[in-house]
Structures are given as structure tokens and as C-alpha cells.
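When the count follows full-length UniProt numbering, it moves up by one through the sequence shown with no breaks and lands on 127 for the last residue.
These aren't lab readings, by the way, just hints derived from the structure by calculation.
Treat the hints loosely; a few may be bogus.
With beta-carbon atoms standing in for the labels, derived distance ranges [as the list claims (entries may be wrong)]:
#: 1; residue 1: Ala98; residue 2: Gly17; range: 15 to 21 angstroms
#: 2; residue 1: Glu16; residue 2: Ile84; range: 18 to 24 angstroms
#: 3; residue 1: Lys22; residue 2: Ser49; range: 16 to 22 angstroms
#: 4; residue 1: Pro73; residue 2: Asp34; range: 17 to 23 angstroms
#: 5; residue 1: Val115; residue 2: Asp28; range: 16 to 22 angstroms
Calculated pairs, DSS-like style, for lysine-lysine (alpha carbon to alpha carbon, straight line, at most 27 angstroms) [to be verified]:
#: 6; residue 1: Lys122; residue 2: Lys44
#: 7; residue 1: Lys76; residue 2: Lys95
#: 8; residue 1: Lys122; residue 2: Lys76
#: 9; residue 1: Lys76; residue 2: Lys44
#: 10; residue 1: Lys40; residue 2: Lys76
#: 11; residue 1: Lys122; residue 2: Lys22
#: 12; residue 1: Lys95; residue 2: Lys113
#: 13; residue 1: Lys113; residue 2: Lys76
#: 14; residue 1: Lys44; residue 2: Lys95
#: 15; residue 1: Lys122; residue 2: Lys95
#: 16; residue 1: Lys22; residue 2: Lys44
#: 17; residue 1: Lys40; residue 2: Lys122
#: 18; residue 1: Lys76; residue 2: Lys22
#: 19; residue 1: Lys95; residue 2: Lys22
Nothing here was measured: the structure is a model prediction, and the numbers come from that model.
Backbone N, C-alpha and C define an ideal beta-carbon position, used for all residues, glycine too.
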Amino acid sequence: MAPSSVSSNAAAALPEGWTDSKDEMAWDLYYNDDPQCDAKELEKTYGISLGPQSAVMCRTRSTGECFYVLESPDNKSCYLWNQITTSIYRVEEPKTRAQIVQSISENGVRGLKIVQLDEGGKVVTAQ
Numbered sequence: 001m002a003p004s005s006v007s008s009n010a011a012a013a014l015p016e017g018w019t020d021s022k023d024e025m026a027w028d029l030y031y032n033d034d035p036q037c038d039a040k041e042l043e044k045t046y047g048i049s050l051g052p053q054s055a056v057m058c059r060t061r062s063t064g065e066c067f068y069v070l071e072s073p074d075n076k077s078c079y080l081w082n083q084i085t086t087s088i089y090r091v092e093e094p095k096t097r098a099q100i101v102q103s104i105s106e107n108g109v110r111g112l113k114i115v116q117l118d119e120g121g122k123v124v125t126a127q
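All chains should be modelled from the sequences, with the hints used to inform the complete structure.
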């Protein structure tokens, strides 16, 4: 994925019901020095790579949904993380962060071509 930036300054471009506020995303609670933190468990379980800047955006608290859009540190892969089911979906299309945000704005998450990963990182289902 080509590097791109979706910052709080670009909040108007975010899909309704999503935020990129560092405070609301609270990614530091999920990715930290604890070897058993959620993000490191996701890395081990699904064979993906995450980092301290991986959180792109998440559903706002008011939606009652627990989804994150995550990006690998090398900017080559984006994922949807469902915190409730602890499922990880790799976004196949669109390819760039900006296109993913735009697609969610226009069509919701259903506008993404995603594949669900199983433990070990193998594709379970394509959607």
C-alpha cells in the first residue's frame, strides 16, 4: 500500500460513525510493551504485523460497534479487526488507505473486498 495519511485534521473525510481520534481509538491500550497485549496476540495468532501507529480509524463509541481499520507498519496491508468476535479480515480491495476510507464512506464496510483470516493467517472466507 502506498503511504497516505488520514489524520484528525482530515476528520471531515472520515466515514460517518468512524473516528481517527487517538483518544477515542485508544490504540495504546491494545498495542504496548505487554507481550500479551491484544495487538501482539493478534500478530501471533493471525501472522500479521502491527505497530504503534497501525490504527487508522475505529467505529465511534456511539455506534456501539467495535471495529478497527488497521494498517501494517510497511503500509502494504490493511485489516478490519472485530473486537467482539476477535476476527481479523484482510482488505483485498481497494488497495490504499485513502481508497479504503473513501469506500467505507460511500458503501460502508460491505463495499470492501475482504478475506477472513484463521489462526495462522490462512484465508477462511472471502467476502
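Just to be careful, I want the Cα atoms of Lys76 and Lys95 compared with a cutoff of 27 angstroms; is the pair within it? It holds: about 8 angstroms lies between the C-alpha atoms, which stays within 27 angstroms.
Range hint 15 to 21 angstroms (beta carbons of Ala98 and Gly17) holds or violated: For Gly17 against Ala98, whose Cβ atoms are near 18 angstroms apart, the range 15 to 21 angstroms holds.
Against the range 17 to 23 angstroms, how does the distance between the Cβ atoms of Pro73 and Asp34 compare: consistent or not? holds, 18 angstroms
Would the pair Lys40 and Lys122 pass a check requiring their Cα atoms to be no farther apart than 27 angstroms? It holds: about 18 angstroms lies between the C-alpha atoms, which stays within 27 angstroms.
Starting from Lys122, check that the Cα of Lys44 is at most 27 angstroms away, please. holds, 13 angstroms
Please verify whether Lys44 and Lys95 have alpha carbons no more than 27 angstroms apart. holds, 24 angstroms
Hey, Lys122 versus Lys95, does the alpha-carbon distance stay inside 27 angstroms? At roughly 19 angstroms apart (the allowed maximum being 27 angstroms), Lys95 and Lys122 satisfy the hint.
Mind checking the alpha carbons of Lys122 and Lys22 for me, to see if they're no more than 27 angstroms apart? At roughly 31 angstroms apart (the allowed maximum being 27 angstroms), Lys22 and Lys122 break the hint.
Hint consistency between Lys22 and Lys44 [alpha-carbon to alpha-carbon, up to 27 angstroms]: holds, 24 angstroms
Would you mind confirming whether the straight-line C-alpha gap from Lys95 to Lys113 stays at or under 27 angstroms? Judged against 27 angstroms, a Cα distance of about 10 angstroms means the pair holds.
C-beta pair Glu16, Ile84: status relative to the range 18 to 24 angstroms that was hinted: Since Glu16 and Ile84 have Cβ atoms about 21 angstroms apart, the given range 18 to 24 angstroms holds.
Pairwise hint evaluation, Lys76 against Lys40, where the allowed Cα distance is 27 angstroms at most: Roughly 18 angstroms between the alpha carbons, so the hint for Lys40 and Lys76 holds.
The structure shown violates the earlier hints numbered 5, 11.
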